[in-house]
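If you want the building blocks of each chain, they are given just below.
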Amino acid sequence: MATFTWEAYCDTPGWKDISTNTIVFSGNNTTLTTPITVGTWQSGSHLGNGDPGTDQCGTNHVPNVKFVTSTQFIVGAGSTTTVADANIATTQCTFRINFTDASSVATSSARLYAYDGSVEANEAVGIEAYALQQGVSASAWTNINDDSGNIGGDNAGEYLSLSDQTASTLHTFYIAISARPETVGAKTQFDFGVALTYS
Amino acid sequence: MTEEKQDIRSDFYAGNTKDIQFTIVDGGNAPFNLASCEINYALFDDDYNIMFRKSSSNGSGEIEITHEDGGVCLVHCISTDTEHLQGQYRHQLQLVDSNGYTEIVSTGTVLIHPAMAKRSRKLSRHSFLEGTLT
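Same order as they appear, the protein sequences are chains A and B. Just so you know, we're using this note's numbering here: the first sequence kicks off at 1 and counts up by one. Just so you know, we're using this note's numbering here: the second sequence kicks off at 1001 and counts up by one.
Hints listed in this document are in silico derivations from the structure and should not be mistaken for laboratory results. Glycine residues also receive a C-beta, built at the ideal position from the N, C-alpha and C atoms. You may find that some hints are simply not true.
[Unchecked claim] Here are the simulated lysine to aspartate or glutamate pairs, DMTMM-like style, with alpha carbons at most 20 Å apart:
1) B/K1122 / A/D55
2) B/K1122 / A/D164
3) B/K1005 / B/E1068
4) B/K1005 / B/D1026
5) B/K1018 / B/D1045
6) B/K1118 / B/E1103
7) B/K1122 / A/E182
8) B/K1018 / B/E1064
9) B/K1122 / A/E120
10) B/K1005 / B/D1046
11) B/K1118 / A/D101
12) B/K1118 / A/D191
13) B/K1005 / B/D1047
14) B/K1118 / A/D164
15) B/K1005 / B/D1019
16) B/K1122 / A/D11
17) B/K1122 / A/D85
18) B/K1118 / A/D154
19) B/K1005 / B/D1045
20) B/K1018 / A/D101
21) B/K1018 / B/E1062
22) B/K1118 / B/D1045
[Stated by the list, open to error] Derived contacts from chain B toward chain A, CB cut-off under 8 Å, selection only:
23) K1005
24) G1071
25) M1116
26) R1121
27) T1134
With these hints in hand, go ahead and build the complete structure from the sequences.
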């Protein structure tokens, strides 16, 4: 049985299963209820139990990775640096996705996308989001959602392509996400999806 | 005796879980009793590069003797054995009997077709943010 597990590095800190949590982007690195000023990038990444609900991060919050330009980011409390594996550790990513199978399988066509939570081809409304995969020598963010630009959803050219991985019973993808509101108000129709093929 | 041209030319796709059945016979073409025998299998290319090997000495998960008196065994191929293979290969089955007598008892070619259909999985996680003007 093939299984996805999403985990964030937080609390003790350690990798925590976030299958029951909401991934919350906020305007503060310790408070998940702080709204984000329209047009600015999130200053905190958190785990909630609703929209947003109460903070479920534990002792340490989820690492925050903020978009600066298409080739720059701010990791945690650091300063602006170039997008590169050397500048972001796996434990500084927003989350990781584990794909496991009882058999040793290879993965291909893996991708991460943002959508409206209902129709996988639809972008999330009122949100701009960028993503990158750590560990694959990425040098730039990938725009995975831009409501004003009609970008988002599980559509070619509108998702982050994840690396093909050779046969194994465990595949891990480390992901950093940065998001900002394009309009005022709570964005509850906002999900991330992962998809891949394996054999 | 060696049975040559034991070819597999169809119905073999990369990544298949597949059992290849062999019936081993003696010089008189009668079934060879496989009691206390070791059976080994190899798939390789024309340059003798080994793609994978199987052996009954590693357990019935690799090669299973299904009818000892009848000389019948199954080579169990799992998905990862062939998932990256495509094209023509060769295979051999070797028998080591209870006296240690060793013989290649079967040879042939194996044509592995590419597998274009793949299994897929999707999963999503909910997210949230709120925009404000100040």
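Against the structure, the hints come out as follows:
1. B/K1122 / A/D55: Roughly 27 Å separates the two Cα atoms, so the pair is violated.
2. B/K1122 / A/D164: The hint holds at about 16 Å.
3. B/K1005 / B/E1068: Roughly 23 Å between the alpha carbons, so the hint for B/K1005 and B/E1068 is violated.
4. B/K1005 / B/D1026: 17 Å, holds
5. B/K1018 / B/D1045: Answer holds: B/K1018 to B/D1045 is near 19 Å, not above 20 Å.
6. B/K1118 / B/E1103: 39 Å, violated
7. B/K1122 / A/E182: 27 Å, violated
8. B/K1018 / B/E1064: 13 Å, holds
9. B/K1122 / A/E120: The given pair, whose Cα atoms are some 10 Å apart, holds under the 20 Å limit.
10. B/K1005 / B/D1046: 15 Å, holds
11. B/K1118 / A/D101: 14 Å, holds
12. B/K1118 / A/D191: 25 Å, violated
13. B/K1005 / B/D1047: Distance ~18 Å between B/K1005 and B/D1047 Cα, so the pair holds.
14. B/K1118 / A/D164: With a Cα-Cα distance of about 14 Å, the restraint between B/K1118 and A/D164 holds, given a limit of 20 Å.
15. B/K1005 / B/D1019: Holds. B/K1005 to B/D1019 sits at ~18 Å (cutoff 20 Å).
16. B/K1122 / A/D11: 27 Å, violated
17. B/K1122 / A/D85: With Cα atoms ~26 Å apart, B/K1122 and A/D85 exceed 20 Å; violated.
18. B/K1118 / A/D154: Holds. B/K1118 to A/D154 sits at ~18 Å (cutoff 20 Å).
19. B/K1005 / B/D1045: The given pair, whose Cα atoms are some 15 Å apart, holds under the 20 Å limit.
20. B/K1018 / A/D101: 19 Å, holds
21. B/K1018 / B/E1062: 11 Å, holds
22. B/K1118 / B/D1045: Outside the cut-off at roughly 25 Å; violated.
23. K1005: 30 Å, violated
24. G1071: 30 Å, violated
25. M1116: 10 Å, violated
26. R1121: 5 Å, holds
27. T1134: 6 Å, holds
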